[in-house]
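**Student:** Let the hints inform the model, and build the full structure from the sequences given.
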Amino acid sequence: MGNSYRVALAGNPNTGKSTLFNALTGLRQHTGNWAGKTVSLAQGNVLYKDKTFNLIDLPGTYSLFSNSNDEEVARNYIVFEKPDVTVVVLDATSLERNFNLALQVLEMTKNVIICINLIDVAEKQGININERILTNRLGVPVIKISARNKKGFPMLLDTIDRIVTGAIECVPVQTTYPDDIEEQIKNIEPKVSELIGNRLSARWVSLRLLDGDEKLLNEISKRFGQKEGSE
Amino acid sequence: MSIPKIIKLVNGEKGNLIRITSLNLDGVMRRRLLDLGFVAGAIVEVIRKSPLGDPIAFRVSQTTIALRKEESSRIEGVLMTDGE
Ligand SMILES: Nc1nc2c(ncn2[C@@H]2O[C@H](COP(=O)(O)OP(=O)(O)OP(=O)(O)O)[C@@H](O)[C@H]2O)c(=O)[nH]1
Ligand SMILES: [Mg+2]
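Chains as they are written, first to last, in the working numbering: chain A, 1 to 231; chain B, 232 to 315.
Simulated from the structure, these hints should not be mistaken for lab results.
Don't take every hint at face value.
[To be verified] Label pairs and their in silico Cβ distance ranges:
1. 253/B x 110/A: 34 to 42 Å
2. 167/A x 309/B: 44 to 52 Å
3. 137/A x 293/B: 36 to 44 Å
4. 129/A x 310/B: 30 to 38 Å
5. 271/B x 179/A: 56 to 64 Å
6. 309/B x 123/A: 31 to 39 Å
7. 246/B x 178/A: 46 to 54 Å
8. 280/B x 80/A: 23 to 31 Å
9. 149/A x 246/B: 48 to 56 Å
10. 80/A x 312/B: 44 to 52 Å
11. 309/B x 129/A: 40 to 48 Å
[As the list claims (entries may be wrong)] Only some residues are given here: those of chain A computed to face chain B with a beta carbon under 10 Å:
12. 12
13. 13
14. 14
15. 61
16. 62
17. 63
18. 65
19. 68
20. 69
21. 70
22. 100
23. 101
24. 211
25. 212
For every residue, glycine included, the Cβ atom is placed at its ideal position computed from N, Cα and C.
**Tutor:** See the structure below:
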């Protein structure tokens, strides 16, 4: 289908991913006030203008370094299944914690929307969030919503639409590391790039290799190894 | 001003606020704790201690996280008395 696009929902546990998923798709994925409810990948469609957005509800995790099965599922989906857009759902009342995962996603893939949820709760707590400043600093759209109250959905859907049509170009900010690490990235990135082409971000893979991430290495050879030459 | 008292998280008492100064572990375990919010500078509160001290629940960056002894005994911080 030419006008169908996959949109993955990622984020920390309990940030309202399934609530958003349910509200947009009309399905009933389990939600509740405890962490770690979403285990398998629920999928559902949203019709918008002339397009179908196929939403994928990823398990909530604090990180995407594949230290648990959930993290591996979410990470593999984002980097290997390559959704057209990855929406990172953040808890507006706990941004410092939530940005750990958000910044990881920005390193992994290009088309990202930072979706700040629970804005109703934040407002009650007197927390003000300037999404314009965040958008400028992060290089990707930042949108405030309240999934439970269905607030902010038109803006979110319109932004997804504008990313998939190419009207918005995402330039996700890349974390800069200490000089010695940057030096090592510079050394191996060209070789990584040669091997994986543009199937994955070479900088991100380089970083993972420097970190000794064998699981990723295995996953890469599993997925790309045999197919070499058949492209 | 008194000399700051450095303690291990495992030795914290219920209600204590501790500002983390160091994590004495590496690899996957270190990464996991960093991801959970146990980073240098973060202030954690001891929420609940089971009789044997394992696990201990901490409040860190607005989330309650339980750590096993193996983990909490390797994190050190400054014990903050009332009002800093
Ligand atoms: N006040 C308020 N509550 C919300 C909002 N969005 C979600 N919630 C509540 O937050 C809780 C967690 O929501 P879920 O949708 O289950 O969170 P999740 O991100 O899918 O959680 P995991 O599957 O564990 O990762 C539920 O009690 C929701 O009702 C919101 O915008 N405002
Ligand atoms: Mg869920």
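**Student:** Against each hint, give a clear statement of whether it holds in the structure.
**Tutor:** Status of the hints after comparison with the structure:
no.: 1; hint: 253/B x 110/A: 34 to 42 Å; result: holds (36 Å)
no.: 2; hint: 167/A x 309/B: 44 to 52 Å; result: holds (51 Å)
no.: 3; hint: 137/A x 293/B: 36 to 44 Å; result: violated (22 Å)
no.: 4; hint: 129/A x 310/B: 30 to 38 Å; result: holds (33 Å)
no.: 5; hint: 271/B x 179/A: 56 to 64 Å; result: violated (20 Å)
no.: 6; hint: 309/B x 123/A: 31 to 39 Å; result: holds (34 Å)
no.: 7; hint: 246/B x 178/A: 46 to 54 Å; result: violated (37 Å)
no.: 8; hint: 280/B x 80/A: 23 to 31 Å; result: violated (42 Å)
no.: 9; hint: 149/A x 246/B: 48 to 56 Å; result: violated (36 Å)
no.: 10; hint: 80/A x 312/B: 44 to 52 Å; result: holds (50 Å)
no.: 11; hint: 309/B x 129/A: 40 to 48 Å; result: violated (31 Å)
no.: 12; hint: 12; result: holds (8 Å)
no.: 13; hint: 13; result: holds (9 Å)
no.: 14; hint: 14; result: holds (9 Å)
no.: 15; hint: 61; result: holds (8 Å)
no.: 16; hint: 62; result: holds (5 Å)
no.: 17; hint: 63; result: holds (4 Å)
no.: 18; hint: 65; result: holds (6 Å)
no.: 19; hint: 68; result: holds (9 Å)
no.: 20; hint: 69; result: violated (14 Å)
no.: 21; hint: 70; result: violated (12 Å)
no.: 22; hint: 100; result: holds (6 Å)
no.: 23; hint: 101; result: holds (8 Å)
no.: 24; hint: 211; result: holds (8 Å)
no.: 25; hint: 212; result: holds (8 Å)
In this structure, the earlier hints numbered 3, 5, 7, 8, 9, 11, 20, 21 are contradicted, and the remaining ones agree with it.
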